[in-house]
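Peer 1: The lines below spell out each chain.
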Amino acid sequence: MLKIESLNVKYGDIQTLWDVSLEVKPGEIVALIGSNGAGKSTLLRTIAGLLRPHSGRMHYNGVLLNNKSPNRIVELGISMVLEGRRLFPRMTVLENLEVGAYLKEARVHRYSTLDWIWEVFPVLKERSQQMAGSLSGGEQQMVAIGRALMARNKFLILDEMSLGLSPLLVKTIFKIVTQINKAGISIFNVEQNVPMTLRTAHRAYILESGHIVGHGEAKSLLKSPHVKEAYLGLS
Amino acid sequence: MGQTLVFGILNGALYGMIALGIALVFGIMKYLNVAHGSLIVVGAYGSLFLFRLGVDPFATIPIILVALFLGGAVLFLSLFNRLVEFPEATKIKNSLLIGFGLMLVLDNLATFLWTGDERSITPSYSGITFQIFGLRLPLIGLSGGFLALLLISVLHLFLSRTYFGKAVRAVSQDHEAASLTGINVSRTFLISFSISVGLAGIPSVLIGLQSFSPTAGLQWFNKGIIVVMLSGIGNIYGVFPAGLFLGIIEALSVFLFGATYREVTGLVVFVLILILFPKGMLGSGAES
Numbered sequence: 001m002l003k004i005e006s007l008n009v010k011y012g013d014i015q016t017l018w019d020v021s022l023e024v025k026p027g028e029i030v031a032l033i034g035s036n037g038a039g040k041s042t043l044l045r046t047i048a049g050l051l052r053p054h055s056g057r058m059h060y061n062g063v064l065l066n067n068k069s070p071n072r073i074v075e076l077g078i079s080m081v082l083e084g085r086r087l088f089p090r091m092t093v094l095e096n097l098e099v100g101a102y103l104k105e106a107r108v109h110r111y112s113t114l115d116w117i118w119e120v121f122p123v124l125k126e127r128s129q130q131m132a133g134s135l136s137g138g139e140q141q142m143v144a145i146g147r148a149l150m151a152r153n154k155f156l157i158l159d160e161m162s163l164g165l166s167p168l169l170v171k172t173i174f175k176i177v178t179q180i181n182k183a184g185i186s187i188f189n190v191e192q193n194v195p196m197t198l199r200t201a202h203r204a205y206i207l208e209s210g211h212i213v214g215h216g217e218a219k220s221l222l223k224s225p226h227v228k229e230a231y232l233g234l235s
Numbered sequence: 236m237g238q239t240l241v242f243g244i245l246n247g248a249l250y251g252m253i254a255l256g257i258a259l260v261f262g263i264m265k266y267l268n269v270a271h272g273s274l275i276v277v278g279a280y281g282s283l284f285l286f287r288l289g290v291d292p293f294a295t296i297p298i299i300l301v302a303l304f305l306g307g308a309v310l311f312l313s314l315f316n317r318l319v320e321f322p323e324a325t326k327i328k329n330s331l332l333i334g335f336g337l338m339l340v341l342d343n344l345a346t347f348l349w350t351g352d353e354r355s356i357t358p359s360y361s362g363i364t365f366q367i368f369g370l371r372l373p374l375i376g377l378s379g380g381f382l383a384l385l386l387i388s389v390l391h392l393f394l395s396r397t398y399f400g401k402a403v404r405a406v407s408q409d410h411e412a413a414s415l416t417g418i419n420v421s422r423t424f425l426i427s428f429s430i431s432v433g434l435a436g437i438p439s440v441l442i443g444l445q446s447f448s449p450t451a452g453l454q455w456f457n458k459g460i461i462v463v464m465l466s467g468i469g470n471i472y473g474v475f476p477a478g479l480f481l482g483i484i485e486a487l488s489v490f491l492f493g494a495t496y497r498e499v500t501g502l503v504v505f506v507l508i509l510i511l512f513p514k515g516m517l518g519s520g521a522e523s
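Keeping their order, the protein sequence lines are chains A and B.
Residue 1 is where the first sequence starts when you use our numbering, and the numbers rise one by one after that.
Residue 236 is where the second sequence starts when you use our numbering, and the numbers rise one by one after that.
Simulated from the structure, these hints should not be mistaken for laboratory data.
Any given hint might turn out to be false.
What the hints assert, rightly or not - Partial list, derived from the structure: chain B residues whose beta carbon lies under 8 Å from chain A:
#	residue
1	TYR398
2	ALA402
3	ARG404
4	ALA405
5	GLU411
6	ALA412
7	SER414
8	LEU415
9	THR416
10	GLY417
11	ILE418
12	ASN419
As the list claims (entries may be wrong) - Just the calculated beta-carbon pair ranges, DEER-fashion:
#	chain 1	residue 1	chain 2	residue 2	range
13	B	LEU240	A	GLN130	35 to 45 Å
14	B	THR346	A	GLY137	56 to 66 Å
15	A	GLN130	B	ILE510	26 to 36 Å
16	A	SER69	B	ALA324	33 to 43 Å
Cβ atoms here follow ideal geometry from the backbone N, Cα and C, with glycine treated the same way.
With the rest of the complex left out, here is chain A:
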């Protein structure tokens, strides 16, 4: 579905991504793990169209993504939840979700999508008329994911969802990720929380200082010595 080949991205003169290649096949949950500053957000912003790559190609279902505007990329089938939730604070939960269904196809089906969202996130149904800015961190994260799902796309990119959430909430969110995936949505999950991420993903890539330094089945990576030492604090 998503295929990235030899992507190089620069911020001005500073190169942040070096020759990054990866792919996500239909139905998979693929994780990207790496510490702060590894370049994870840069990669996601480039895929979403917020940044232009210096070289390399990105394809989604065969369609070239390079140099397309962010809203065009959403139209092509990729939804993304930005780091830090980025809700519209002075709009209600319901309005945030409605804006998520802005595109024509999504808008037509928005009521049935909403029904599904209330199923996945029952807490939000009670809060539907509340201002998004007044919700707790975990609730905001759910609205952010819900808003992305309203577009009814088959591909979801998640940027650091577990950031700032309590361990219980993190567990809930990861359960929801699995639930969404079972509903037929492929997921590209970018995270710092390595253990939970590798337990829910099928495959994973490791990003360090802008380079892909490893990839494989998530379960095997959990056991790899490098991952254990660098990301799990074990030796």
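Once you have looked at the hints, place chain B on chain A.
Peer 2: Chain B in isolation, oriented as in the chain A frame:
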């Protein structure tokens, strides 16, 4: 005293409408369009032109609305479009420069085309006033107040009930996140800017019915920006009450100190309010 209050309120409605256009553009895309006043004056000239052809001034409003909308679109695409990508601080500064340049061009063009004379649209019903409770309510002023209320209501319905209105609000709160929901942010900016300039068609004609000259633009912008700051940057719904507040303060000062001190009192009160309420009287205040 009641009479001066009436005039204060009607003036305030006008200030509020001017401020609305400035507030919308600033709230949505963080541009400070200094030329807003001059665009209003250009609209007044347009209305005068149509009046001389025999069109009733109030009937020129829809025409001027559309003309300013289209003009705004052209200006946005040619001048303000490039600024979209920049960070906020740069945007504000650059839009000030561009707006100021545009204002100079418009003012001088108007002076060149139509001379520096003060003009006024004078339909046959200019002098009509109604007498209620011993107060004289001028027909034109009342119509202006009514149009102001209409404008606010329509705008509110648009922003809260329509999908595009929600998109506009989303873009003004977080345009990056908005683009990720499929909203075409540049097109939203273009349409919002054009609507804001277009809506200035109403104060445009009302000012035409008072009096205007080619360089009056900056004075009207000043009134507008004071009202925007009184209401608090980022607060669109506060613009109207703030406009009325300024109008009433000015009227009171005329009553108490005489007409000479009208502008000064308004400015003094403005500075005092900002000292007491740095974020504006009603504002959420994004930044100072």
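Peer 1: Confirm or reject each hint.
Peer 2: Evaluated hints:
With a cut of 8 Å, the hint placing B/TYR398 at the interface with chain A holds, because the nearest CB-to-CB distance is about 7 Å. For the restraint placing B/ALA402 at the interface with chain A, the shortest Cβ-Cβ distance is roughly 6 Å, inside the 8 Å limit, so the hint holds. Contact between B/ARG404 and chain A, as hinted, is supported at the beta carbon level, the nearest pair being about 6 Å apart and thus within 8 Å. With its C-beta approaching chain A no nearer than about 5 Å, B/ALA405 sits inside the 8 Å limit, and its interface hint holds.
Interface hint at B/GLU411: satisfied, since its Cβ lies 7 Å from the closest Cβ of chain A, which is below the 8 Å cut-off. This hint holds: B/ALA412 has a C-beta 4 Å from the nearest C-beta of chain A, less than the 8 Å allowed. Interface restraint check for B/SER414: the shortest CB-CB distance to chain A comes to about 4 Å, inside 8 Å, so the restraint holds. A distance limit of 8 Å between C-beta atoms decides the matter here; for B/LEU415 the minimum to chain A is near 5 Å, and the interface restraint holds.
For B/THR416, the suggested interface contact is upheld, since its CB lies about 5 Å from the closest CB of chain A, less than 8 Å. For B/GLY417, the shortest C-beta to C-beta distance to chain A is roughly 4 Å, which falls under 8 Å, so the interface hint holds. Among the interface hints, the one on B/ILE418 holds; its C-beta lies about 5 Å from the nearest C-beta in chain A, closer than the 8 Å criterion. Hint on B/ASN419 holds. Least Cβ distance to chain A is approximately 5 Å, under the 8 Å limit.
At roughly 40 Å, the beta-carbon separation of B/LEU240 and A/GLN130 lies within the given 35 to 45 Å, and the hint holds. Taking 56 to 66 Å as the suggested C-beta distance range, the pair B/THR346 and A/GLY137 conforms, at roughly 58 Å. At about 35 Å, the beta-carbon gap between A/GLN130 and B/ILE510 stays in the expected band of 26 to 36 Å. For A/SER69 and B/ALA324, the Cβ-Cβ distance of about 24 Å falls outside the hinted range of 33 to 43 Å, so the restraint is violated.
Of the numbered hints listed earlier, the single one contradicted by the structure is hint 16.
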